[in-house]
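Residue 369 in full-length UniProt numbering sits at position 369 of the sequence shown; the count goes up by one each step and never skips.
Hint data in this document are derived by calculation from the structure and do not stem from the laboratory.
Incorrect hints may have been included.
[Stated by the list, open to error] Below 30 angstroms or equal to it, Euclidean Cα-Cα: the simulated DSSO-like pairs (lysine-lysine) are: (1) K220 x K8; (2) K54 x K169; (3) K33 x K202; (4) K8 x K134; (5) K318 x K303; (6) K105 x K8; (7) K303 x K240; (8) K204 x K250; (9) K318 x K213; (10) K213 x K105; (11) K220 x K202; (12) K222 x K200; (13) K250 x K222; (14) K33 x K133; (15) K105 x K240; (16) K54 x K33.
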Amino acid sequence: GDDNSGRKVITFSCCRMPPSHQLNHTRLLEYLKYTLDQYVENDYTVVYFHYGLKSLNKPSLKWLQTAYREFDRKYVSKIFVLPSVTFNSLLIISFSFPRYKKNLKALYVVHPTNFIKILWNIFKPLISHKFGKKITYLNYLSDLREHLKYDQLNIPQEVIRHDENLRGKQKGKLPPVVKVPPPRPPLPTQQFGVSLQYIKDKNKGELIPPVMKESVSYLKSKGLQVEGLFRRSASIQTIKDVQKLYNQGKSVNFDDYHDIHIPAVILKTFLRELPQPLLTFECYDHIVGITSVESSLRVTRCKQIIQELPEHNYVVLKYLICFLHMVSQESIYNRMTASSLACVFGLNLIWPSKGTASLSALVPLNLFTELLIDFYTNIFNSRTVPGE
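Please put together the full structure from these sequences, using the hints given.
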């Protein structure tokens, strides 16, 4: 899933670790590095569910030291000698390595024990103050809602039951069900969280949503050569303020914010908050199947899938991909190749109708997006839509 700033969220659940004697710890280490390496080039967030880590499934000290050295060998030149460490401590210290900490924006430790907090104080001198500020301890699952899209998380039932028990012990009974007020109807000028059709109907039939047109136009004129464009986050409060202005139909001048990454985040946020992905739920399975297509035929297959989109979705997608193609053409300056842009935009363009995309689905989703960007002219050259 994503957090409230659109950053990718990586979760680790201790309760899902099998007993140590059944676990291939070498493969676990490789999996950790493989998973992290897919995200660490962009801003990201980590949620660590501590519940379920017991003596039975806790990795041995020998393995923890090996794992620490493996992270250290690849990413830093100095190694600390740790007389004792828990898995949680290894996780925290590993993220303090330069490759991982650069773009890690938040590390949430859910259901921490007092022992963890004591250990954190012990290891604090080894970790920079700036990195320490990224770590947040959350006693209850409900606290996560303030920071990220809770409903997107795949939280184990064991963790949910543990959370209910903790709350029950605190109050002597389970917390009462909170009545959620019905959602308010969208404003006539609403831009975020409403369908493309709604925006079109409220904007005199314009096919390209105003927020998209304005953010893309601004980035074209001032952001094409900015290094790391779309990789960086922006102030959460500022993004909320800009969204509010757009939703109220007020004008937005991005020059006032003196931060080129704000229109970039606004564009990603707009796409991510559409009720249905721009590439539509219907295309999800077809897109995931792109890796099973012979390499020489993949561009043709992309073209076939795109031709099946509703006209409005096609026009908006073509407008966006044309812009991303322009960004990729400046990659010598901005370091954002088609592959890099695909990693950022893949899950903003397509996601499953239920739950979140699995790790195995990321490869085809990103590959499909990369092909759209790289072969924009070829893929979008044969369909004309009235009013485009």
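Output the numbers, in ascending order, of every earlier hint that fails for this structure.
3, 7
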